[in-house]
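J.: Using the sequences plus the hints, can you model the full thing?
Here the sequence shown stands for residues 489 to 717, numbered as in our numbering.
Keep in mind that the hints are not guaranteed to be accurate.
[Stated by the list, open to error] Here are the in silico distance ranges between beta carbons for each label pair:
#1 Lys525 to Pro693: 42 to 48 Å
#2 Gly690 to Lys525: 45 to 51 Å
#3 Thr679 to Ser618: 25 to 31 Å
#4 Ser618 to Gly667: 18 to 24 Å
#5 Ala604 to Gly642: 20 to 26 Å
#6 Ile702 to Tyr615: 25 to 31 Å
#7 Gly690 to Gln652: 21 to 27 Å
#8 Ile702 to Ser620: 22 to 28 Å
#9 Ser646 to Ser618: 16 to 22 Å
#10 Glu616 to Ser697: 32 to 38 Å
#11 Ser598 to Pro517: 19 to 25 Å
#12 Lys699 to Ser602: 27 to 33 Å
#13 Ser641 to Ser671: 18 to 24 Å
#14 Ser599 to Lys525: 16 to 22 Å
[Stated by the list, open to error] Here are the simulated DSBU-like cross-link-like pairs (lysine-lysine), alpha carbons at most 30 Å apart as the crow flies:
#15 Lys525 to Lys625
#16 Lys525 to Lys628
#17 Lys674 to Lys699
#18 Lys696 to Lys625
#19 Lys699 to Lys625
#20 Lys674 to Lys628
#21 Lys674 to Lys696
#22 Lys628 to Lys696
#23 Lys628 to Lys699
#24 Lys625 to Lys674
Quick caveat, the hints were computed from the structure, so don't treat them as lab data.
All figures in this text were calculated on a predicted structure; none of them were measured in a lab.
All C-beta atoms, glycine included, are put in the ideal place defined by N, C-alpha and C.
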Amino acid sequence: MTCNVYISVCFYEQDKRALGSNNFSGALPPELGNLAKLQEIYINSCGAGGEIPSTFANLYNLETVMSSLFQFQVGIRLSIHRKNTKLHRELDEALVSETEGNSFKGPIPSSLSSLASLQTLHISDIYEVSSSLDFIKGLKNLTSLVLRNTLISGSIPSYIGEYQSLQTLDLSFNNLIGGIPSSLFKLNNLTALFLGNNRLTGTLPPQKSEKLQIISSSSDILSAFDQAF
Numbered sequence: 489m490t491c492n493v494y495i496s497v498c499f500y501e502q503d504k505r506a507l508g509s510n511n512f513s514g515a516l517p518p519e520l521g522n523l524a525k526l527q528e529i530y531i532n533s534c535g536a537g538g539e540i541p542s543t544f545a546n547l548y549n550l551e552t553v554m555s556s557l558f559q560f561q562v563g564i565r566l567s568i569h570r571k572n573t574k575l576h577r578e579l580d581e582a583l584v585s586e587t588e589g590n591s592f593k594g595p596i597p598s599s600l601s602s603l604a605s606l607q608t609l610h611i612s613d614i615y616e617v618s619s620s621l622d623f624i625k626g627l628k629n630l631t632s633l634v635l636r637n638t639l640i641s642g643s644i645p646s647y648i649g650e651y652q653s654l655q656t657l658d659l660s661f662n663n664l665i666g667g668i669p670s671s672l673f674k675l676n677n678l679t680a681l682f683l684g685n686n687r688l689t690g691t692l693p694p695q696k697s698e699k700l701q702i703i704s705s706s707s708d709i710l711s712a713f714d715q716a717f
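T.: This is the structure we're talking about:
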């Protein structure tokens with residue numbers, strides 16, 4: 489495959505940030521994975537495509553990835569950041585709303601599981617190839633996980649109860665089956681839970697965390713959430 493890549497990259501503070509917002513076509517260069525100190529990547533308003541390089545799994549110091557107007561073959565748009573960064577949260581909100589209503593080809597790359605420092609991961613609107621939730625197994629620092637309309641299949645893993653920092657969980661509009669782990673309702677920091685438009689079954693737990701105030705589960709057997717709580 490041949491492609492033309494035009495990118496403007498600025499490094500400062502010991503390679504902490506890569507910025508790009510120019511004419512960018514083709515695939516992301518795998519060499520970005522060699523920047524061991526890289527903490528932030530902003531690549532916006534571009535027309536890149538292809539796969540997200542597997543070398544990104546080597547960026548152990550990566551805190552923030554902001555991308556918009558990309559068409560990745562793997563079908564995801566990412567907003568990834570650590571908490572305590574107000575600007576990043578504001579950018580993330582804009583990015584998430586921008587990604588809704590688009591179509592991208594899956595699956596979600598399993599290499600994401602190695603980015604253990606991630607605290608926010610938002611992916612939406614994937615088509616054709618499904619994924620399981622196995623790729624989140626190593627992401628136990630997440631505070632917000634949004635996988636909306638991403639062809640997620642299988643069941644909600646029992647280890648979801650280990651994500652004690654999780655505040656928002658949105659798994660709506662997927663193909664999830666089976667029951668909901670009772671441990672999910674014991675997460676002390678969880679405030680919003682969206683599980684609607686799946687094929688989930690089973691009974692509801694008798695108790696939930698006091699902070700869990702928003703529960704949405706319309707269009708499936710769990711529509712009794714509001715009445716149960």
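J.: Now tell me if each hint is right for this structure.
T.: Results of checking the hints against the structure:
{"no.": "1", "hint": "Lys525 to Pro693: 42 to 48 Å", "verdict": "44 Å, holds"}
{"no.": "2", "hint": "Gly690 to Lys525: 45 to 51 Å", "verdict": "46 Å, holds"}
{"no.": "3", "hint": "Thr679 to Ser618: 25 to 31 Å", "verdict": "28 Å, holds"}
{"no.": "4", "hint": "Ser618 to Gly667: 18 to 24 Å", "verdict": "20 Å, holds"}
{"no.": "5", "hint": "Ala604 to Gly642: 20 to 26 Å", "verdict": "22 Å, holds"}
{"no.": "6", "hint": "Ile702 to Tyr615: 25 to 31 Å", "verdict": "27 Å, holds"}
{"no.": "7", "hint": "Gly690 to Gln652: 21 to 27 Å", "verdict": "23 Å, holds"}
{"no.": "8", "hint": "Ile702 to Ser620: 22 to 28 Å", "verdict": "25 Å, holds"}
{"no.": "9", "hint": "Ser646 to Ser618: 16 to 22 Å", "verdict": "20 Å, holds"}
{"no.": "10", "hint": "Glu616 to Ser697: 32 to 38 Å", "verdict": "36 Å, holds"}
{"no.": "11", "hint": "Ser598 to Pro517: 19 to 25 Å", "verdict": "21 Å, holds"}
{"no.": "12", "hint": "Lys699 to Ser602: 27 to 33 Å", "verdict": "30 Å, holds"}
{"no.": "13", "hint": "Ser641 to Ser671: 18 to 24 Å", "verdict": "21 Å, holds"}
{"no.": "14", "hint": "Ser599 to Lys525: 16 to 22 Å", "verdict": "19 Å, holds"}
{"no.": "15", "hint": "Lys525 to Lys625", "verdict": "24 Å, holds"}
{"no.": "16", "hint": "Lys525 to Lys628", "verdict": "22 Å, holds"}
{"no.": "17", "hint": "Lys674 to Lys699", "verdict": "10 Å, holds"}
{"no.": "18", "hint": "Lys696 to Lys625", "verdict": "23 Å, holds"}
{"no.": "19", "hint": "Lys699 to Lys625", "verdict": "24 Å, holds"}
{"no.": "20", "hint": "Lys674 to Lys628", "verdict": "15 Å, holds"}
{"no.": "21", "hint": "Lys674 to Lys696", "verdict": "6 Å, holds"}
{"no.": "22", "hint": "Lys628 to Lys696", "verdict": "20 Å, holds"}
{"no.": "23", "hint": "Lys628 to Lys699", "verdict": "19 Å, holds"}
{"no.": "24", "hint": "Lys625 to Lys674", "verdict": "18 Å, holds"}
Comparing the model with each earlier hint shows no violations; every hint is respected.
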